[in-house]
Each structure stands twice: as structure tokens, then as C-alpha cells.
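J.: One-letter residues, chain by chain:
Number of protein chains: 2
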Amino acid sequence: MHDYVRIPLTEDEMPREWYNIAADFSKPLPPPLGRDGSPLRPENLAAVFPMNLIEQEVSTQRWIPIPEEIRRILFRWRPTPLRRAGALEKALKTPARIFFKDESVSPAGSHKLNTAVPQAYYNKAFGTKRLTTETGAGQWGSALALGCNWMGLALRVYMVRCSFNQKPMRQTLMRVWGAECLSSPTDRTQAGRAVLARWPNTPGSLGIAISEAIEDAVSSPDAKYSLGSVLNHVLLHQTIIGLEAKKQFAKIGLYPDVIIGCAGGGSNFAGCAFPFLADKIAGTHNPLVLAAEPTACPKMSRGVYTYDSGDVAMMTPLLPMYTIGHEYQPPAIHAGGLRYHGMAPLVSHAKHEGLMDSVALPQTECFRAGMLFAATEGIIPAPESSHAIALAIREAHRSREEGKTRTILFNLSGHGLLELSSYQSFLDGKIEDYEFTPEDLRKSLAVLNGLPSLS
Amino acid sequence: MHDYVRIPLTEDEMPREWYNIAADFSKPLPPPLGRDGSPLRPENLAAVFPMNLIEQEVSTQRWIPIPEEIRRILFRWRPTPLRRAGALEKALKTPARIFFKDESVSPAGSHKLNTAVPQAYYNKAFGTKRLTTETGAGQWGSALALGCNWMGLALRVYMVRCSFNQKPMRQTLMRVWGAECLSSPTDRTQAGRAVLARWPNTPGSLGIAISEAIEDAVSSPDAKYSLGSVLNHVLLHQTIIGLEAKKQFAKIGLYPDVIIGCAGGGSNFAGCAFPFLADKIAGTHNPLVLAAEPTACPKMSRGVYTYDSGDVAMMTPLLPMYTIGHEYQPPAIHAGGLRYHGMAPLVSHAKHEGLMDSVALPQTECFRAGMLFAATEGIIPAPESSHAIALAIREAHRSREEGKTRTILFNLSGHGLLELSSYQSFLDGKIEDYEFTPEDLRKSLAVLNGLPSLS
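Just so you know, the protein sequences line up as chains F and L, in that order. Residue numbers for the first sequence follow the numbering used here, beginning at 1 and rising by one. Residue numbers for the second sequence follow the numbering used here, beginning at 1 and rising by one.
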């Protein structure tokens with residue numbers, strides 16, 4: 001049992017339904033609110049999203065079938081392997097068994113394709129001709145570019161300025177897959193122009209890019225907007241990760257004691273963890289479930305649980321979430337996918353209900369962890385994923401200190417082959433840590449004045 | 001049967017032996033010669049290679065067992081999937097079934113890791129402390145960096161200058177995996193200094209980098225040299241590709257009518273094709289077997305079959321091969337791995353015996369093919385691999401013209417995620433073709449004067 005290198009699943013074993021955790025919470029998820037403070041109705045979202053995805057967004061049905069056409073595309077890279085990080089264990093001299101779910105094998109290089117394909121599919125079915133979206137590090141933008149390319153939809157991507165400048169190859173990738181990619185803030189939207197007027201040298205943020213992408217979509221008749229994380233339907237599509245992992249663990253007669261994912265908007269974390277949280281809610285298992293976030297943007301570890309906007313220009317509904325304020329612009333850390341001010345409502349609710357916790361980690365620790373993982377397991381992790389690795393290593397050390405054999409699962413959300421320039425900066429000693437301070441929090445929460453709170 | 005997306009193999013089905021085609025040729029492979037023109041004895045290679053690999057190099061045993069320790073490492077990414085390129089078929093409106101063996105899933109991103117691991121293993125077993133090697137595009141250098149890292153060996157890589165300048169991320173990758181990477185020609189070796197004196201602005205070549213790496217190895221007591229292609233033992237290690245593919249085709253009751261690989265030194269081509277050539281030699285099947293090479297460096301399609309040196313400084317033995325002369329420095333085309341002047345003796349012999357043929361393709365056609373493949377199948381192919389794709393597309397068109405359903409197999413030797421700058425150049429219209437001319441041939445073959453010929 002201890003010698004597995006990777007635990008595969010056959011195509012037949014790939015899940016046929018997504019898991020919706022909203023069906024299982026003991027207290028229901030608080031609803032999103034309109035600007036007037038009243039609960040949002042599905043039709044209020046219709047300018048932004050197609051109705052078939054809105055139905056998923058508000059659904060409380062536990063199992064939602066995966067259409068066969070989507071499954072056929074997912075087969076191109078799924079089921080993904082569950083791998084044992086045996087060489088990493090050896091290097092750490094830990095009694096812990098470390099497993100990781102390898103989402104880096106997707107053709108777009110990350111878990112993001114798991115939702116890009118269904119979102120493109122449902123938009124296509126609805127009649128959408130063009131999608132708009134934001135991207136941080138570029139994982140989401142390139143995944144949606146591929147999804148749209150496969151479904152014959154056009155795509156415009158607003159890429160956060162600091163990532164746009166750091167990662168020209170991500171732009172090429174989107175271009176190869178037929179998408180248009182702009183550096184956000186742009187001067188093409190009111191939201192972008194407003195930001196440029198206030199903060200001309202901004203590194204950009206996901207909150208700004210979201211504002212621009214939504215404005216673009218709602219001002220065009222046949223365009224819709226697509227979000228790569230945060231929303232319920234996005235997390236839903238990602239649950240295929242954890243559903244597969246559970247089957248894989250069952251094959252080798254194990255169940256993870258610790259489950260870890262990095263969390264930017266929350267989708268890869270939720271995708272891996274929620275199917276296990278179902279067992280925790282049901283009382284059949286009691287895993288420790290931890291989200292890894294950067295010390296530069298620690299919304300769950302240092303933020304507050306309240307209603308906040310999902311974007312800078314307040315174009316989204318008010319969402320119930322852990323937040324450090326929708327105007328917070330994190331420093332240009334290399335894990336661009338983790339530079340979001342808020343956390344998915346479903347993940348925020350799970351934390352508030354005590355089902356899970358979060359840990360903030362400095363990026364140099366994460367790069368050291370990523371380097372060790374690359375040397376031992378041979379896979380270059382995305383800087384985002386290296387946060388999960390760093391936390392898994394902390395837990396492995398704890399196992400050693402306590403002399404306990406524990407089974408640790410983390411989600412390797414993506415590879416870092418297009419982020420090698422970040423590794424070069426680390427090797428050159430040019431990477432610094434940033435610790436979000438109480439003063440940062442006080443300042444950044446000022447934008448919440450006058451918004452409703454979660455009582 | 002026609003609906004397969006990918007045909008997996010279990011770990012148990014991974015081959016336990018490599019296939020040695022030298023056992024099956026009707027005429028034996030001509031031996032390598034020393035500088036005096038007499039056949040080389042194994043001990044003549046002992047300064048450069050460890051004896052356990054030399055034994056493989058000269059072996060005529062048909063099946064050579066794969067040590068269990070190597071198999072355990074190969075399991076990390078092998079067996080690799082055989083995939084059906086259904087979306088590409090649809091785009092081409094071809095009746096042909098197109099399959100590809102996906103070697104891009106290795107952690108180093110290409111087939112090169114298949115031999116990097118055994119070479120590092122056998123060197124470790126022999127007592128080697130440090131390896132030296134050359135690399136073109138960087139696929140081999142990074143694969144050997146990972147192999148050496150896993151086995152605890154030091155590595156110095158001489159990277160062809162034009163690729164070194166085009167691909168800084170390849171250098172970072174080697175650095176992450178603990179290797180040292182130098183731009184060749186360097187001023188650290190006699191061979192490098194001699195080249196710099198004659199051609200100060202040379203883009204470099206594999207022939208030059210090999211000279212430097214060998215000189216480095218033979219002048220250091222505990223170092224050996226490692227080659228990423230060309231030699232018999234390297235091709236042997238790659239046969240796991242074709243052996244797996246045969247099992248995968250057997251599972252779906254098909255046998256390929258056409259088998260295609262790109263050919264630089266010949267190792268990925270041979271790895272995929274040789275196990276099928278065994279059936280052709282045995283007379284049980286008669287597939288068309290084609291090597292794709294660039295018009296800028298078409299050794300098999302435009303060169304001569306004779307004895308030539310494997311490197312510029314003539315440090316290697318004289319090898320029986322198709323060559324366009326060991327001093328030929330091809331233009332800096334983007335498929336850096338195909339810029340080698342000669343072809344592996346085993347492949348050259350197979351062509352000379354009429355078992356296979358070669359086709360030269362211009363690089364713009366290959367980039368167009370690579371773009372179409374990326375759009376349809378979602379995988380960015382290495383510029384080298386796109387030569388195989390372009391030839392598979394020509395064969396698919398031929399199927400359509402002839403109205404014949406044929407089964408085409410090509411080897412996707414690696415992904416192009418670290419070569420996206422080449423795709424950007426293509427998208428920007430900056431890529432030009434070069435056609436090797438009879439005048440080029442006349443000039444470049446002058447270096448063969450006085451060398452023995454194959455009678």
C-alpha cells in the first residue's frame with residue numbers, strides 16, 4: 001500500500017455528477033445582495049451570465065449531472081492522477097504519507113480548464129457569441145481561451161497589469177488559442193479609466209480586471225462574462241477533483257487526515273476539499289482541512305466575514321465572504337492567482353461554520369517548498385500551488401515532531417513552466433516577503449462603510 | 001472503436017525490456033571506426049562512457065531487461081497515453097484515423113527523460129560523479145538535469161548558443177534541477193576556442209557543443225559524457241515508446257498503416273518506430289515509416305550515407321550515417337533539436353536497407369501544423385514535434401485524396417510551453433524557411449575527404 005507512485009482511474013470511473021456542498025450546510029449559505037441590500041434574484045444576474053449557469057449558481061441540489069459532451073472533453077486529460085510524493089517524503093524524513101492530486105496535467109496546465117470547458121459549453125448552449133473575463137497569473141485566461149476555442153466562442157481577457165508584464169508567454173498562449181488579451185487597467189472601459197486616474201502606477205488587481213470584463217460584457221448584446229473562481233457554479237465544476245481523489249484513496253484503502261489547497265478565489269481548494277467536507281458534515285470522517293493563502297493577501301486569516309463587492313468598481317452583487325476590502329491592491333507577488341481581496345462565499349461559509357481553517361504563508365517559504373518539490377518530484381509547481389506544498393511540508397514536519405503517520409493530501413493546482421521567470425527571480429535572491437498588517441486592514445476595510453453586514 | 005480519446009496502459013502493462021533492433025537487421029550494422037579507420041573496440045570508448053552503457057551500445061541481444069529501479073522512476077509518468085487526435089481529424093476532413101503517442105507528459109516535457117534516467121542510473125552504478133552533455137533546444141539538457149538530480153550526479157550542459165539566447169527559461173529549468181548551463185561555444189575548451197577563432201558569430205551547433213562536452217569529460221577523472229540521441233543505447237532506451245504504443249493499438253484492435261516521427265539525432269523517431277519495424281522485418285506487417293526532418297538540415301533526404309564524425313572537432317568515433325558534413329552549421333531555425341548534421345547509425349541503416357524513408361519539411365509549414373494541432377487538440381507541440389505533425393497532416397490529406405481510411409501514428413516527442421517565444425515569432429510573421437541547396441551540400445561534404453566510405 002505504501003509503495004504507490006500514482007493511483008490512476010479509468011475513464012469509466014470518472015465522476016458523472018458534480019457535488020454541490022450548498023445542499024449539505026447545516027446553516028444555509030447567505031444570499032448575495034443587490035446594491036439596495038435586498039437578496040438578489042436569479043434574473044438580476046441575467047445581464048452578466050447565461051441562465052443555465054445562473055441556475056447552477058443558485059441550486060441547492062446535491063448532485064448535478066455532468067453533460068456527456070463535457071465529459072468527452074474532460075476525458076482528454078481526466079481523470080487526473082493521484083500521486084504519492086515519495087521522494088519528497090524521503091527528503092523531509094517524515095513519517096507522513098504525502099499525496100497530491102495532479103491538476104497540472106491539463107493541456108492548459110491547471111485545474112482552471114475543469115470549469116472553462118463547462119462555462120464555454122453552457123454559454124454556447126445559451127447562444128452567447130463572445131465571453132469576457134479577467135485573469136491574474138494567466139492560468140484562467142489561457143484555460144478559458146482553450147475552452148472557448150473548442151466551443152467556437154470569441155474571448156477577450158483582461159489580464160492584471162503586473163502579471164501581463166511578468167508573463168509575455170501567457171499572452172502568446174492565449175493568442176495561439178485564439179483569444180485577445182489586454183493589460184488591465186485599460187483605457188477602454190469606464191472602470192479602467194477611473195482606476196488609471198486615481199492610481200496611474202497600479203500593478204493592477206483581479207478586482208479591477210473583473211470590473212472591466214463585466215462592463216465590457218454588459219455593454220455588448222451577445223457577450224457574457226465568465227469568472228474563473230469565487231462563484232458557486234465555478235466551485236461546483238471543480239469538485240470533480242475531490243470526487244476523483246476520494247475514489248483513488250478508496251482504491252488503496254486510505255483516507256486523508258489532512259487536506260490542503262491554495263486559495264486565491266477558492267476554486268481549486270474547494271474542488272479538492274468539498275467532497276471530503278461532505279463526509280465531515282455527515283460525521284463519517286474528520287479530516288483537518290486547510291487553505292493556504294499568501295501573507296500579502298490573507299483574506300481568511302486576517303480579514304473579516306461580511307458582505308463586500310467582488311470587484312473594485314462594485315459592479316458585482318454584494319457577496320458574503322471573508323475579505324480584506326475590494327480596493328486592496330496587493331503587492332506584485334509572483335502567485336498572481338492568489339492576489340484577490342475576497343474568498344468564495346461557499347469557502348467563507350465553510351470556514352465560518354468551523355469546517356476548515358486557513359494559514360497565511362510568506363512567498364519565500366513557498367518558493368523554497370516549490371524548489372524542493374521540483375527537485376524531488378520533478379514537477380515545477382505554479383507559484384500558487386507552491387503555497388499548498390509549503391503548508392503540506394509544515395504538516396509533514398508536524399507529523400515528524402509528533403511521531404505520527406498521517407496521510408496528507410494537497411492539490412497541485414497547476415505547473416509553473418510558464419512561471420519560470422519567477423523561479424529565476426527567486427534563484428537570484430530578488431524575492432521579498434510582504435506581511436499584511438493591522439494598519440493595512442484598517443485602511444482597506446474603510447470601503448465597507450455603509451455596506452450590510454452578516455449578523 | 002473509432003471513439004477513443006486516449007488509450008491508457010496500466011503500470012503492470014509497462015514494458016519490462018527494451019527492444020534492440022540491431023538483433024534483427026538482415027545485414028549487420030557497420031561498426032564505428034577509430035581515427036585510423038579500424039573498427040572500434042568497446043574499451044576505446046571507456047574514457048567517454050561507463051562500461052555498462054558501452055555494453056548496451058555494442059549489444060546484439062534482442063531484448064534487454066529494464067532494471068526495476070529505472071522502472072520505478074519511469075512509472076512517474078509512464079506508460080504515456082496513446083491519444084486519438086479526433087478534433088484534428090475533423091478539422092482536416094480526413095477519413096484517416098490519427099493517433100499520437102504523447103511523450104509531452106513527462107515532467108521534463110519530452111521523450112528525452114526516457115534515456116536520461118537510465119543513463120544517470122548506469123553512470124551512478126558505474127561510479128561516475130559528474131556528467132557533461134550538449135543540448136540544442138534544451139529538451140535534452142533539462143531532461144538530463146532532472147535525471148542526474150534524481151540520481152545525485154552533478155551535470156554541466158553545453159547549450160547551443162542560438163538556443164541559449166532564444167530560451168532563457170530552459171536555463172532556469174536546468175538550474176532549478178541543479179545543473180550548470182553554459183552557452184556553446186565557450187572559451188573553456190580547446191574545441192570551443194577553436195570554433196570562436198574561426199567563426200566568432202556562429203549560432204553554435206550540436207556538433208560544436210558535443211566536442212566541448214566530450215573534451216570536458218575526458219579531461220576530468222570522475223566525469224563521463226552523456227549523449228541525448230544518435231547512439232545505439234540511447235535509441236534502445238527510447239523503444240519503450242513504440243513498445244507501449246503497440247500494446248495500446250492491440251487493445252483497440254488496430255495497427256498503424258503509417259508511422260511518423262521527427263528526426264534530429266533520431267532517438268524519438270527510432271523509439272516510436274523500431275518496435276513496428278521489427279514486424280516489418282519479420283514480414284507480419286508492412287507499415288509506411290517516415291522520418292520528418294527540416295529542409296534547413298535534411299541529412300537523410302539530401303545527405304550521403306558514409307562514415308562521418310559525430311562532432312565538429314572530430315572527438316567522436318567515425319559513425320556510419322546519413323550526414324551533410326560535421327562542419328555544417330544550420331541556420332538558427334526554431335526546432336533546435338533538429339539542427340544536427342548526422343543521423344543515428346541504426347536509423348541510417350534502416351533507411352539504407354529500405355525499411356523506411358524520410359521527408360524534409362519547411363519550418364513555416366510545421367508552425368502552421370503546430371498551431372492547428374494546438375487549436376484542435378489543446379497541446380502546444382514542441383517545434384521539433386510539429387515536423388511530425390506536419391507530415392502526419394500531409395499523409396491525412398493523401399488519405400482524403402485517395403478516399404482511404406488509414407491509421408496514422410505520430411510521436412509527439414514533447415510540448416512547446418518553453419518554446420512559446422517561437423510561436424510568438426511565427427504569429428508576428430517573423431519566421432522564414434531555409435532550403436538546403438546542392439551548393440550547400442557540395443561545400444559541407446568537403447570535410448569528408450580522406451574519411452573511409454561505406455562500400
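Be careful, since some hints might not be right.
Which copy? The list can't say, so a pair holds if one copy fits it or any two copies do.
[Said to hold, decoys possible] Below 20 Å or equal to it, Euclidean Cα-Cα: the simulated DMTMM-like pairs (lysine to aspartate or glutamate) are: (1) K251 / E43; (2) K251 / E11; (3) K90 / E69; (4) K246 / E365; (5) K404 / E13; (6) K90 / D428; (7) K247 / E11; (8) K251 / D12; (9) K124 / E68; (10) K430 / E68; (11) K404 / E43; (12) K430 / D279; (13) K246 / E353; (14) K443 / D36; (15) K251 / E353; (16) K93 / D36; (17) K430 / D222; (18) K129 / E353; (19) K27 / E435; (20) K124 / D36; (21) K246 / E13; (22) K404 / E439; (23) K124 / D279; (24) K247 / E365; (25) K124 / E365; (26) K404 / D440.
I should point out that these hints are in silico values taken from the structure, not numbers from a laboratory.
J.: Going back to the hint list, which numbers does this structure go against?
T.: Checked against the structure, the hints that fail are numbers 1, 4, 5, 6, 10, 11, 12, 13, 14, 15, 16, 17, 18, 19, 20, 22, 23, 24, 25, 26, while the rest are satisfied.
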